[in-house]
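*Asks:* These are the residues of each chain, in order.
2 protein chains.
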Amino acid sequence: MIQKLISGIKEKNSPIVVGLDPQLGFVPEQILNKYYNEMGYTLEAVAEAIYEYNVGIMDATYDLIPAVKPQVAMYEQFGVPGVIAFKKTVDYAHKKGLVVIGDIKRGDIGSTSGAYALGHIGEVELGGKKICPFDEDIVTVNPYLGSDGVKPFIDVCKENDRGIFVLVKTSNPSSGEFQDRVISEGDDKGRPLYEIVAEKVADWGQDSMDGDYSNVGAVVGATYPEMGVRLRKLMPKAYILVPGYGAQGGSGKDLKGFFNEDGLGAIVNSSRGIIAAYKNDKYASFGAEGYADASRAAVEDMLADIRENI
Amino acid sequence: MIQKLISGIKEKNSPIVVGLDPQLGFVPEQILNKYYNEMGYTLEAVAEAIYEYNVGIMDATYDLIPAVKPQVAMYEQFGVPGVIAFKKTVDYAHKKGLVVIGDIKRGDIGSTSGAYALGHIGEVELGGKKICPFDEDIVTVNPYLGSDGVKPFIDVCKENDRGIFVLVKTSNPSSGEFQDRVISEGDDKGRPLYEIVAEKVADWGQDSMDGDYSNVGAVVGATYPEMGVRLRKLMPKAYILVPGYGAQGGSGKDLKGFFNEDGLGAIVNSSRGIIAAYKNDKYASFGAEGYADASRAAVEDMLADIRENI
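Chains A and B supply the protein sequences, listed in that same order. Count along the first sequence from 1, then add 34; that gives the number in the numbering used here. Count along the second sequence from 1, then add 34; that gives the number in the numbering used here.
If we strip away everything but chain A, and leave its shape as in the complex, we get (with noise of 0.2 Å):
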């Protein structure tokens, strides 16, 4: 699956990922209203406007992507119908050729990992007949509960030929206060946990390789660039999904020591900047009509940004 994602980043020239994350006050009013005229104030109207919102940025920045990333836990909010906006985001993402990144932060014992794996992933197997439940190519997993809750996703990537990115290090302003806990112990004696994390990336890897790298990739923050360099180099085969570029802080000039000195290794996402770009004094031109080029425009400026700084 990693190759499928390089394929896409090498042909567009483009390192970057949109994270869909339609919150409520990101979706155009007229869209909304259209809506709520049709099916009045339901989370059945929100649903179809999620999702005819998505359609329009993907519609208008596919050619200039290799991914899309939609966060669940926006559809999640809206109960059922959000999941189903969800599921027809991916479906339609993998119409006009995307790579679809999960992000679900999934993570649990063994058996019920290997649940979710298999639902996000994978596939179920029902009177011998096969089926994708939600059918993204990769997802984004929590590491907290350690390898049994990890390799269950492992050892899906490896039967379905997909991938994952295991959190490493989080863009958040308190992701230090659990993550960058030094540890007293032995050889880890004096490194941070994310560390030790990062390492168990790099050995859950080995086991899935696809080409020069592996499907078990991490995230890791750009708002940490000092990390990021440090973290690359404890996982050289990981691609890295790095979050936080754009309205968390990060820039393109914090973004470089995530590459690896073959020009890969690392896929950066923004979200609001992009999705909500016509929200933006720069974009406002465009206005609520113009949401879905003012997005375009706006992933024309973060691959400017990019392209100089790597």
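Simulated from the structure, these hints should not be mistaken for lab results. Treat the numbers as computed from the prediction; the structure is a model and nothing was measured. No residue lacks a Cβ here, since even glycine has one placed at the ideal position from N, Cα and C. Accuracy of the hints is not assured; some may be wrong.
As the list claims (entries may be wrong) - Have a look at the derived ranges for each label pair, beta carbon to beta carbon:
#1 B:Lys223 with A:Glu233: 19 to 27 Å
#2 B:Gly131 with A:Asp125: 38 to 46 Å
#3 A:Glu342 with B:Asp221: 56 to 64 Å
Add chain B to chain A, keeping to what the hints say.
*Replies:* Here is chain B on its own, set in the frame of chain A:
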């Protein structure tokens, strides 16, 4: 919310919760085949089957237990139809007067955790109308992202009188890989990470008290009883959700240390041991047709074991 759970525990003299984790292999064949015959080998058929299976178990046990804990992974495994079955299970549990602990183990950056919190234990407001999308009473939360990933859940708990259980020390074999790492810094020198998380839980919980206990509880596995004793003391006001009883290896004699001297402070989960009891030699005489009665017998035996040991 925690007082509502405590009332149920006292009223039924039952500090236990049944984990509704319907793996496909647990669902009796007569139920699966009924829906396969009606709807073919589809996710929709499986979803209807697991819902009927859950209803049978709830009907047979609701008077003995204060709460159920559906594990959302087992529903997501079957895609959108599975998520519909999850929601129907939550609603049916409420009809039977049960507190619903959604075992979702979510956790993300602040705004994203906020979306999960609204979707699962909160309300979204659409055109002035408030809607509870999934409407669980309590959910489990993963702390790996630190305070700003947990606080949005606590805010929603306060607003809507709901609760959370934060993962501290999980029941699985490799939970120690990261959770047990010993910290080398300052006042925390020499202490494992799970204790640092536990102190945060105690700290976060002060802000959402409900009587003598907090709406912010913790998850600590029955499989680690010595740690349970220590964690009980570190979080005196936190209710502890204790998974790992039964199939995972924990037994009644391991549980005393998880409770406070008031006989409260913990609720013990069993999933497979109850819902798949009919597959256990001990209850095999019930047969697949009597699966719900087997579950009731298993609950009675679990209660006897726990009452004897606490």
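*Asks:* Please go over all the hints and tell whether each is borne out by the structure.
*Replies:* Quick rundown of the hints versus the structure:
no.	hint	verdict
1	B:Lys223 with A:Glu233: 19 to 27 Å	holds (23 Å)
2	B:Gly131 with A:Asp125: 38 to 46 Å	holds (39 Å)
3	A:Glu342 with B:Asp221: 56 to 64 Å	violated (45 Å)
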